[in-house]
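Protein chains: 2
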Amino acid sequence: MTTIIDVAKQAQVSKSTVSRVISGNGYVSQESRKKVLEAMEALSYSPNLIARNLQSGETKTIGFLAQGFIDPLGIFLESFISIAKRYNYYVTLYFTDGDKKKEIDALNQMKYKQLDGVFILTRANKWEIIEPYSLYGPIATWHRIDSERIYSSYVDHYSGYLRSLNYLYDRGYRSIGHVLGNSENLNTKARIKAIDDFQQDKNIPIKEEWLFHDRARLDNGRNIAHTWHKMANKSDAMAFYTDSVAAGFISELQNLGYSVPEDVAVIGFDNSEISRLMHITTVDYSIKRQAQNSFIYIHNQLNRETIAEQEMSVQLIERKTVPLRKKELDKNASSSENN
Amino acid sequence: MTTIIDVAKQAQVSKSTVSRVISGNGYVSQESRKKVLEAMEALSYSPNLIARNLQSGETKTIGFLAQGFIDPLGIFLESFISIAKRYNYYVTLYFTDGDKKKEIDALNQMKYKQLDGVFILTRANKWEIIEPYSLYGPIATWHRIDSERIYSSYVDHYSGYLRSLNYLYDRGYRSIGHVLGNSENLNTKARIKAIDDFQQDKNIPIKEEWLFHDRARLDNGRNIAHTWHKMANKSDAMAFYTDSVAAGFISELQNLGYSVPEDVAVIGFDNSEISRLMHITTVDYSIKRQAQNSFIYIHNQLNRETIAEQEMSVQLIERKTVPLRKKELDKNASSSENN
Numbered sequence: 291m292t293t294i295i296d297v298a299k300q301a302q303v304s305k306s307t308v309s310r311v312i313s314g315n316g317y318v319s320q321e322s323r324k325k326v327l328e329a330m331e332a333l334s335y336s337p338n339l340i341a342r343n344l345q346s347g348e349t350k351t352i353g354f355l356a357q358g359f360i361d362p363l364g365i366f367l368e369s370f371i372s373i374a375k376r377y378n379y380y381v382t383l384y385f386t387d388g389d390k391k392k393e394i395d396a397l398n399q400m401k402y403k404q405l406d407g408v409f410i411l412t413r414a415n416k417w418e419i420i421e422p423y424s425l426y427g428p429i430a431t432w433h434r435i436d437s438e439r440i441y442s443s444y445v446d447h448y449s450g451y452l453r454s455l456n457y458l459y460d461r462g463y464r465s466i467g468h469v470l471g472n473s474e475n476l477n478t479k480a481r482i483k484a485i486d487d488f489q490q491d492k493n494i495p496i497k498e499e500w501l502f503h504d505r506a507r508l509d510n511g512r513n514i515a516h517t518w519h520k521m522a523n524k525s526d527a528m529a530f531y532t533d534s535v536a537a538g539f540i541s542e543l544q545n546l547g548y549s550v551p552e553d554v555a556v557i558g559f560d561n562s563e564i565s566r567l568m569h570i571t572t573v574d575y576s577i578k579r580q581a582q583n584s585f586i587y588i589h590n591q592l593n594r595e596t597i598a599e600q601e602m603s604v605q606l607i608e609r610k611t612v613p614l615r616k617k618e619l620d621k622n623a624s625s626s627e628n629n
Numbered sequence: 291m292t293t294i295i296d297v298a299k300q301a302q303v304s305k306s307t308v309s310r311v312i313s314g315n316g317y318v319s320q321e322s323r324k325k326v327l328e329a330m331e332a333l334s335y336s337p338n339l340i341a342r343n344l345q346s347g348e349t350k351t352i353g354f355l356a357q358g359f360i361d362p363l364g365i366f367l368e369s370f371i372s373i374a375k376r377y378n379y380y381v382t383l384y385f386t387d388g389d390k391k392k393e394i395d396a397l398n399q400m401k402y403k404q405l406d407g408v409f410i411l412t413r414a415n416k417w418e419i420i421e422p423y424s425l426y427g428p429i430a431t432w433h434r435i436d437s438e439r440i441y442s443s444y445v446d447h448y449s450g451y452l453r454s455l456n457y458l459y460d461r462g463y464r465s466i467g468h469v470l471g472n473s474e475n476l477n478t479k480a481r482i483k484a485i486d487d488f489q490q491d492k493n494i495p496i497k498e499e500w501l502f503h504d505r506a507r508l509d510n511g512r513n514i515a516h517t518w519h520k521m522a523n524k525s526d527a528m529a530f531y532t533d534s535v536a537a538g539f540i541s542e543l544q545n546l547g548y549s550v551p552e553d554v555a556v557i558g559f560d561n562s563e564i565s566r567l568m569h570i571t572t573v574d575y576s577i578k579r580q581a582q583n584s585f586i587y588i589h590n591q592l593n594r595e596t597i598a599e600q601e602m603s604v605q606l607i608e609r610k611t612v613p614l615r616k617k618e619l620d621k622n623a624s625s626s627e628n629n
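From first to last, the protein sequence lines are chains A and B.
Using the working numbering, read the first sequence as starting at 291 and increasing by one per residue.
Using the working numbering, read the second sequence as starting at 291 and increasing by one per residue.
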């Protein structure tokens, strides 16, 4: 087998020069570097990365698996890499594009000691396919999953959404449109249950045309604005499953000559950057803490430590898009007795 | 050396069952999977990924290197993975956190045939350290770099920024504040040259207090809003190096009781999603095409094809934050003769 000594001989440089070229640490002249790389090429020499990592037993790198760049990847990822950095871990993001083999390849990186642990934002394989890889390193997700081997930082959307709806009700809104995510998603199912319970509780029948299902995500806020614009019987408030779609809705309504909240109130979800910038009232369901807790779990497993997880909470963030409707409230004084 | 046949024997399953477990393709019962994984563990068997990839000579995966999650990573990444997907390539994002060794590890993945090519958004090592790795696969960046071995999809910010300033001038603005990025950045230097040339051309002296350098990026738009608010001698227009900082500025001014553009005109840069949502007039300097062209270069190198690169252009996107100042224009009628 070719060794670093053979490379040094062939390149006519010292062993430590070869080391510096391989590690990328320390100064090497342009000329020596060229000689070393040519020698490595000529001898087909590959430094054994796996062996290098096995020496320390860890790579200090966490894999982050996602299908693609979809909202709210940004907030989640930013929180995850920021806490990872605090504990001296690196993050490598594998975009699987929903490909099962690609996902397995990434999970296998734990086996080959190229990753210490893995976080799964969106998965391609079934959980029972993924589960056995926890033999090789800790796996965490933010999905709702009932497993002893995969950690979940799941937060139930039911209570958060019910809080939004009750808030709209308390502020005087009675005709509420709902924009929901992918209908196969458990969060969407939780939201539909919240809508049902809310309507039963308040005795307001739901209008089918006020239920929007977002399949595309991208630009969907704009499409919903056009649909709302054309509706004969407009809702006076809209509740969104995610801030970015609410933002697109508001922006496009403004292009169509409407004002928010004068023409329609809007409540978002996520408390993401865009909601702050556009003054959108929203719900903070600890998305950042879900990212942080997932990392903390992986970290604790790897280091046999017990750093405490952060408490999860669902909080309503009042901004400017749901003003109090005094008139409506006076009219319905008898029925508005909600927390 | 342990082979797949040894694993099958130990696990008492067929060779093809072991294959299916390793590849993640096809059905395997929970029980068999467990047996196979235990056998692999007992025999310390690692399927040779590198050998697997060498068969086809490619991994169909491009590495994307970035220091961290900073603006405009989002737009860039989204365009890059979207065109990669169109050509059946995967993307793996290495967050290097500025660590030189980590970056070299990622570049080495080309050598070990784990990556086909690499795109560099933000680098840790000097270009002369990175350059030799182009022996192992194509490397592209959007930075300005003069190299025969690394492709650059660089666009000069000088002309884009000069266009912003002339546009503000033509619309009647004479006291213009400038928010610039990191002063070591070549783009910032190009902008400062544009400011100098503009002021000489229009004969407007620059006020030092109207030059803002953004070092933190995050939340900086807010800080600049507070500074502007406290200024005795306020500029009547603000030109920003990036839309996200312009958005933070506008949002915080609104919190302080100002209106944009009534109190101050704003022009951004990037034509990113946030500028569209908040109706910010901005400059499109083909950031998406920079991402696309970088991918096309890598793709063409790998496949010996010649898919055409997209033409780069700098375009002013008129929205609502730079209204025409009729009065000012009439007053200065003689001096406003710009393209």
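Hints in this document: simulated from the structure, not taken from any laboratory.
Computed from a prediction, not measured in an experiment: that's the story for all the values here.
Please note that a few of the clues may not be correct.
Claimed, not checked - Not everything, but these chain B residues come out facing chain A in the computed CB check (under 7 angstroms):
no. : residue
1   : Phe359
2   : Glu368
3   : Ile371
4   : Tyr377
5   : Val381
6   : Leu383
7   : Phe385
8   : Lys392
9   : Pro422
10  : Leu501
11  : Phe502
12  : Ala537
13  : Ser541
Beta carbons: idealized from backbone N, C-alpha and C, even for Gly.
For each hint, the structure was consulted:
Taking 7 angstroms as the C-beta contact cut-off toward chain A, the hint placing Phe359 of chain B at the interface holds, the least distance being around 5 angstroms. Of the supplied interface hints, the one on Glu368 of chain B holds, with its beta-carbon coming within about 5 angstroms of a beta-carbon of chain A, less than 7 angstroms. Nearest Cβ of chain A to the Cβ of Ile371 of chain B: about 5 angstroms, under the 7 angstroms cut. The hint holds. Of the supplied interface hints, the one on Tyr377 of chain B is violated, with its beta-carbon coming no nearer than about 12 angstroms to a beta-carbon of chain A, more than 7 angstroms.
For Val381 of chain B, the interface hint holds, the least distance from its beta-carbon to any beta-carbon of chain A being 5 angstroms, beneath 7 angstroms. A hinted interface residue such as Leu383 of chain B counts as satisfied when its beta carbon comes closer than 7 angstroms to some beta carbon of chain A; here the least separation is about 4 angstroms, so the hint holds. Hint on Phe385 of chain B holds. Least Cβ distance to chain A is approximately 5 angstroms, under the 7 angstroms limit. Proximity of Lys392 of chain B to chain A holds as hinted, the smallest CB-CB distance being about 6 angstroms (cut-off 7 angstroms).
Taking 7 angstroms as the C-beta contact cut-off toward chain A, the hint placing Pro422 of chain B at the interface holds, the least distance being around 5 angstroms. At its closest, the beta carbon of Leu501 of chain B sits 24 angstroms from a beta carbon of chain A; the interface hint therefore is violated under the 7 angstroms criterion. Among the interface hints, the one on Phe502 of chain B is violated; its C-beta lies about 19 angstroms from the nearest C-beta in chain A, farther than the 7 angstroms criterion. Using the Cβ-Cβ criterion of 7 angstroms, the hint placing Ala537 of chain B at the interface with chain A is satisfied: the shortest such distance is roughly 5 angstroms.
Annotation: Ser541 of chain B was flagged as interfacial toward chain A, and the flag holds, the nearest CB pair being 4 angstroms apart, inside 7 angstroms.
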